[in-house]
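Chains A, B and C, in that order, give the protein sequences.
If you count the first sequence from 1, position 75 lands on 75 in the working numbering, and the numbers rise without skipping.
If you count the second sequence from 1, position 532 lands on 532 in the working numbering, and the numbers rise without skipping.
If you count the third sequence from 1, position 352 lands on 352 in the working numbering, and the numbers rise without skipping.
Please keep in mind that the hints were generated in silico from the structure rather than gathered at the bench.
These numbers were taken from a predicted model, which means no experiment stands behind them.
Where hints are given, some of them may not hold.
[Said to hold, decoys possible] The list that follows gives simulated cross-link-like pairs (lysine-lysine, BS3-like), each with its CA atoms no further than 27 Å apart:
hint, chain 1, residue 1, chain 2, residue 2
1, B, K523, B, K504
2, A, K60, B, K194
3, A, K523, C, K608
[Stated by the list, open to error] Just the calculated beta-carbon pair ranges, DEER-fashion:
hint, chain 1, residue 1, chain 2, residue 2, range
4, A, L598, C, E419, 43 to 51 Å
5, B, E549, A, I4, 38 to 46 Å
6, C, P51, A, R134, 51 to 59 Å
7, A, R210, B, E549, 43 to 51 Å
8, A, R210, B, P520, 26 to 34 Å
9, B, P51, A, K168, 54 to 62 Å
10, B, E597, A, D33, 52 to 60 Å
11, B, P520, A, D33, 46 to 54 Å
12, C, T528, A, D585, 46 to 54 Å
Ideal Cβ positions, reconstructed from N, Cα and C, are used throughout, including at glycine.
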Amino acid sequence: MEKIIDKILFGGDYNPEQWPEDVWQEDMRMLKDAGVDIVTLNVFSWAMLQPNEFFYDFRKLDRIMQCVTEAGMKVCMATSTAAHPAWMARRHPDILRVDFDGHKRKFGSRHNSCPSSPTYRKYSKRLAGKLARRYRKYDNIVAWHVSNEYSTDCYCERCERNFRKWLKRRYGSLEALNAAWNTAFWGHKFYSWKEIVAPNNLSEHFGYTRTCFQGISLDYRRFQSDMLLRDYRTEYNAIKKYTPNIPVTTNFMGYHYQIDQKAWAPYLDFAAWDNYPACDSPEWSVAMWHDITRGLKGGRSFWLMEQTPSVSNWNRYCALKRPGEMRELSYQAVAHGADTVMFFQMRRSIGACEKYHGAIIDHVGTENTRVFKECAELGEELKNLKAVTLAARTNSRVAILFDWENWWAISYSAGPTTELNYPEEVKKFYRAFYELHIPVDMIGCEDDLSKYDLVIAPVLYMIKGNYDVKLNDFVKRGGHLVTTFFSGYVNENDLVTLGGYPGKLRDILGIWVEEIDALPAEKENNFTWEGLDYSAKIVCDLLHPETAEVLASYNNDFYAGMPALTVNEYGDGKAYYIATSSDPDFYYNFFERMAVELNIPSLGEAPKDVELTIRCKGSNNVIFALNHSFEHKCFKIWSDATDLLTGEEFRANEEIWIDNMGVRVLKTR
Amino acid sequence: MEKIIDKILFGGDYNPEQWPEDVWQEDMRMLKDAGVDIVTLNVFSWAMLQPNEFFYDFRKLDRIMQCVTEAGMKVCMATSTAAHPAWMARRHPDILRVDFDGHKRKFGSRHNSCPSSPTYRKYSKRLAGKLARRYRKYDNIVAWHVSNEYSTDCYCERCERNFRKWLKRRYGSLEALNAAWNTAFWGHKFYSWKEIVAPNNLSEHFGYTRTCFQGISLDYRRFQSDMLLRDYRTEYNAIKKYTPNIPVTTNFMGYHYQIDQKAWAPYLDFAAWDNYPACDSPEWSVAMWHDITRGLKGGRSFWLMEQTPSVSNWNRYCALKRPGEMRELSYQAVAHGADTVMFFQMRRSIGACEKYHGAIIDHVGTENTRVFKECAELGEELKNLKAVTLAARTNSRVAILFDWENWWAISYSAGPTTELNYPEEVKKFYRAFYELHIPVDMIGCEDDLSKYDLVIAPVLYMIKGNYDVKLNDFVKRGGHLVTTFFSGYVNENDLVTLGGYPGKLRDILGIWVEEIDALPAEKENNFTWEGLDYSAKIVCDLLHPETAEVLASYNNDFYAGMPALTVNEYGDGKAYYIATSSDPDFYYNFFERMAVELNIPSLGEAPKDVELTIRCKGSNNVIFALNHSFEHKCFKIWSDATDLLTGEEFRANEEIWIDNMGVRVLKTR
Amino acid sequence: MEKIIDKILFGGDYNPEQWPEDVWQEDMRMLKDAGVDIVTLNVFSWAMLQPNEFFYDFRKLDRIMQCVTEAGMKVCMATSTAAHPAWMARRHPDILRVDFDGHKRKFGSRHNSCPSSPTYRKYSKRLAGKLARRYRKYDNIVAWHVSNEYSTDCYCERCERNFRKWLKRRYGSLEALNAAWNTAFWGHKFYSWKEIVAPNNLSEHFGYTRTCFQGISLDYRRFQSDMLLRDYRTEYNAIKKYTPNIPVTTNFMGYHYQIDQKAWAPYLDFAAWDNYPACDSPEWSVAMWHDITRGLKGGRSFWLMEQTPSVSNWNRYCALKRPGEMRELSYQAVAHGADTVMFFQMRRSIGACEKYHGAIIDHVGTENTRVFKECAELGEELKNLKAVTLAARTNSRVAILFDWENWWAISYSAGPTTELNYPEEVKKFYRAFYELHIPVDMIGCEDDLSKYDLVIAPVLYMIKGNYDVKLNDFVKRGGHLVTTFFSGYVNENDLVTLGGYPGKLRDILGIWVEEIDALPAEKENNFTWEGLDYSAKIVCDLLHPETAEVLASYNNDFYAGMPALTVNEYGDGKAYYIATSSDPDFYYNFFERMAVELNIPSLGEAPKDVELTIRCKGSNNVIFALNHSFEHKCFKIWSDATDLLTGEEFRANEEIWIDNMGVRVLKTR
């Protein structure tokens, strides 16, 4: 891949099979005018490619490939397996899912296949292989795109049987399983594997995340993620047989609850995701989603596989992207590690549920639209940027942990409060660094900590395996660790670690958490740190310092005076504990102070809504500045630089102006 | 019918089968005291009339007919088929529906029959025929009432099979169907008719109006409306065989989503509806429902089949109708075209879910109640009015289009906003004329436009067949057309018309709509017209005038200065386009101005909450004035008149006083 | 039982089967330190005790019994039947319930058994018998605890068949049933018992309390309560065979909708309940739940079977019980009639959905926690109190009726308003007496009225049997009766009593209610009584006094001047009617005045949030004072007294200080 890609790829999903062939040439002309150099083909064509069990018909796809190849386009080739054909559903009903309420589904929608369906396995594998074999001759295929936005659940009896097998592998014996799930509670002891049923609204659940037994529910989530991964890997292997050198991926969705993206990452050749912020998603959310995606493969660059040129039609209110907003969001992706800027979709379709979703070519069919023109201008700019950011790296000294299994466990927890939302808590920490203009890596439990000065593990409820040892080592060797309330409670089976919260983290944090008080949504306590008051919300730990020093205490309620913030010197490092959930000001001020202490520099001086990021390759450093506001702003960086978009040159510490919704790509000297 | 009806019929649903026979005579005495001259019988008696497959028992109904006939009552005879018997459900489960979630229902409730059940077809037809044959000898039967408030859906496999047949008739080939539904999207191509399943929560839907494929969902709505119509027609024909001269109808419910009332209208001998406004339904809603019903049969008068004398017990809060309110609502019906004033019900039942619904005779069983007395006073008044309004007409020069298929398509649309509600948008236009005291016809796409000066087609999203040609002709010949945002987008299959919105209306409107911006519920833009500012809500088109003239532009956001209101001179007429949704003031002022331009007179000068309507028969003109407020008001009309209720005489332009909740029926001279 | 219990029992649910045996001894040591002298064992052990159809394994329970017996603990022995084993669900699927939507459930959760399952009946009976036989030798078993928190519904075909049998017994004939349910409405007449299906979302219902036929729904509720009672009695009898002298009970939940607790009461040897107020449950709610429980057995003392030492983990926000709050709530139970103070649970479990529910021994496993210490202090106090309150009585002169069937009927009523909530209306009356410091009995329809001076029957919608005669007798003999709007409407089949509301109460109340106006939640009327204005909410009756005197009238709306409050002198007594729902001030002032008239003394003079209750045994009178506020307060009582907790002595009418969250137990002299 590296060989033939020498610039940020620009393009996206293209569905010529929805159009008469005479439109295709017009498409090519217009898309080239827009600077498009890559199209994603074949995302939803299974029914076209395979009309029945015995026959495949690649004639139209052949012509499409010929068309786009002749137009000089690169291709991201999808395998079409995210929606099975109607005939397959009718003749092989095993392919249909059973939903969370226990209903066998009928043909319709997408993500409609049972992940353990033999029919699905057989035909998806065969199709992926046939595609790879047939199109391997095209050297413009730069990537394979397996399925699309994996996200489904199934609760059928076959999945149930597979779940039992999966459990046997995990636990070995029923004794171990009964212990892991604490089935002595409510007398749920299992004497035979066959007694275990899928946990859904007909059995242990009373809502998607409300369960009577966290253990089984957590394992079913793992199992379903694994089943989908197995499906993905089946296609992956079928493709690699014929095109071993073309990278294979699938497109994620920021952080998606149902897929343990971090567990999948080793099986992707590169990471990719679809960026569809709602009209009220804050910029730091989007930034964090990018960084999570970059973190999947240890900091390697990723693909922005989809975004909308303007409207996401499934939103409650389909607001337009404002002038400049699409460009700015595109650069934000690149600024966080994307090597592509790709859209869903090239041409707006005429029917079905996404016909009002944005596209480069609108229903009017001309280049004379605001959206087309903004796309074309961006396409032109990206050509000029060349390869400078491709495969670049962001060398962060700060890492924030985001762990899917921890998320699942917290989501299933009965208590302390339904207000507790793991990603939202993580986001509070991410936002502080975003606004401090300090780059951050989003990591998983598998990632090495030794390269970081500061590791933040918000709400680390579940300590998997010996992750506490890893944290211990990190701190002992001089690292700074920050964690929070509701950390260290359970092991990977959601069984409480006895001996006092925060369990295995008690030593490193030097505290004992005796109780947690949950606050109704409309209430708050507060605490004073460094002379300022900050709110204490959602939960307040009642904790006792053991070896830790108290940095701040609650001001109200019967636990006034008890610690709200502590630090423990441990080995050569320090471990901080934030006992409650606070407001943005606190996190900003707290980490601003810590960055000074740890000598972690910001990338520059800028207003909070002017985002700064850095991408490094060899001796090249590029700082991106992104003005997310609707006003002109100014900022400084610490070295001389040239704006690669405008050619302007700036001196270190010079005030640099940036337009509303503006972007600067500053190559430093 | 005409022969024997010489006054506004007064009465309604009567259920003596729920009572011992000794109560019947008492009923007759009291109802006659109340001026009742018509009863609707037999609405829910199927189980009584047919105790099993083989036997019918009309003895009680015979006695009821004898009783009411001897009392001199006219009869509206229902067929009892809106709820099937329990024995039928048990012995012929094919009669039971499958609901939107795919659940086979059990016996219970009403509207419980599958519309394609052979059992239902067989026995409902037989029952209707037997009733007609048995009771044709009674010359006091003035109408047949088939079933009741048709409104059901079914998603069973038999309906599925019938749907496929319906689709074959509609499309002829799978190629045509695949094209019409754009099944290339998400690879939903069908290779066999049998692959098509009913669209519900188990297949294409994720909510009643949320669908992945608009095409199939829209067709299923049409199909279900057609299936119910077929059921209705089966009974209609069975009745006509024996009583060809007695008119047959069914009772609608204002505008009901599930039934294309306009498509049914040709098969009704006259239109009828049940008027149950909620306690917060504005008066213009009720007025519009009446006018929609009058419009079903091209302006012919209709029956008010049901209303409550006081309480609708299924409301969240069952507020009483205030003193005078029932009378006023009754006259409002007549004022809009009703030839009857009928109630559900004559006597309040003692058990089951409607026992607290209003009735002329309450549980107390005496005439000494407010409700009884108000009914009796109205009964007396109606006697005095005689036939003056019967079969009268309202000759409107303004028409507003209300189209069910357009409604369905808009309700299914994914984008631009969930705030968009077709009937509510239509109502905004209706309200303006209501408050301007200008009569309006509510029309369908089939109706002739040539008699109107002004045609308004709010949110005309779907252009069915060549309706654009009809509109073109209308405007070219000098008509004024007003339409709005989200018009002209699709054809009857919900496929987008390419070449720029508003599609086939682009020419007539002289504009090109490039984009739509959806505004969250709490936000608005605004525009200035004729020196006043008006809000712009829900959506704002970003449009370019082509041949149109710009009348008003947005004041805010990045599209400030773009048109919000345009007019295009086209042939001898004009076509207006309102690019956003505004507040009542705008529509009022806009159409007040247009009425002046078009020389369309109001019926008088009156406060907005004093409604004025007109009914004409031969040389007789009757103007109704209805004071919906709780204060005395005064108004003027343009000609001399006599109040038929009081005998008062008024001169043209004289100030006429009207009581709170008051009514005047003014015969003009 | 009486013999061996000489103090308030202190302890609760203990689940050693969830723990290694070496923990048990540590438990015993700590629990004894905490003053625990009773443990409830075996609540959820069925799967452990019975691994298959043929084999029982009591070895672990034997060891547990030995352990707790050696530790000197008393035992409340549960039968483990509130959750069946997984193997049973797999091999005997008849045990699994069908839910309200018609879904057959799979294994999971608790309350998972169909109440008419032969498998459940067979094995639950056998288990209860085996337990009784095996452990009868232990004289420290002081009570049997059947199942747990009965609360389930089932809608399977077997329940349906049993329902038909139940109906046959109730009605004798289909004619009687058709009349009772008024099946002539909507033609639901049944010709065969087999046509009757369970009323749920697939048949008559459109929501759990929304039904098309109140009659069938009401009978199904009765039937389900009866089926569960039959299950309970099956176990009861199996136990009594072996241990006829040990009392048997089950634990209720305040007032639980699904169980007619009053109908069950005769089959309990004593009443018991689980007290889990939400963090915003007002104190008078808790007090009323206690009094309802005390009322179940005619005023006999009951068991507080469960409460949490601190957190209820299933709440939305799991707030801690504040320091002193657990103690105060424990004394509140005793103050209202509890002979025990028991907790769920002794030791916090490590896994599944209640692992964050409070326990005496927390996950930290030490005695050094706030919660443990508060429990231990309470344990110590209770020892010192000895038997003084055991089996004491509260001799109230005021009774408030709370009737389950009336509740059900009101909940099912379509009209007059969804705002009407029976328990909340009852609570308004209860609260007045709570704040007036006047003890109240919560009674059922079966209870004798002759010992009361004042009987209040709020919203007595349903008059069962000849309950009107009972009320008549009570008033005629000099009693005071207070009732309200929506009273006297129907008989026990929810059939309206004809002849004018309030039906059979019309005579005694001397009024005729002509109409009911329902007010939206945001609206209110008001009335003036004794010079003060009070709000009139939810509904306003429009009524006519016949023999009654009008005490207050509405001030607004068209019924201004009509009575809002009446009194009727009847025989030697009086019957009051409150025609609307008002605010706390009204009820307080109204009953304060009535207490003076009836010479019903308060227990003392105290702020509203200092609760006073009395318990009497022989010549001993104990007054409890409970300060529910977070401030110090003072109060007076009318006689000299000694505080049994502190030894302090007070004179009659002396100001007595009480701590925030404080308790005084005052033995009067």
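Enumerated hints in conflict with the structure, sorted upward: As far as the earlier hints go, 1, 4, 5, 7, 10 and 11 are violated by this structure, in ascending order.
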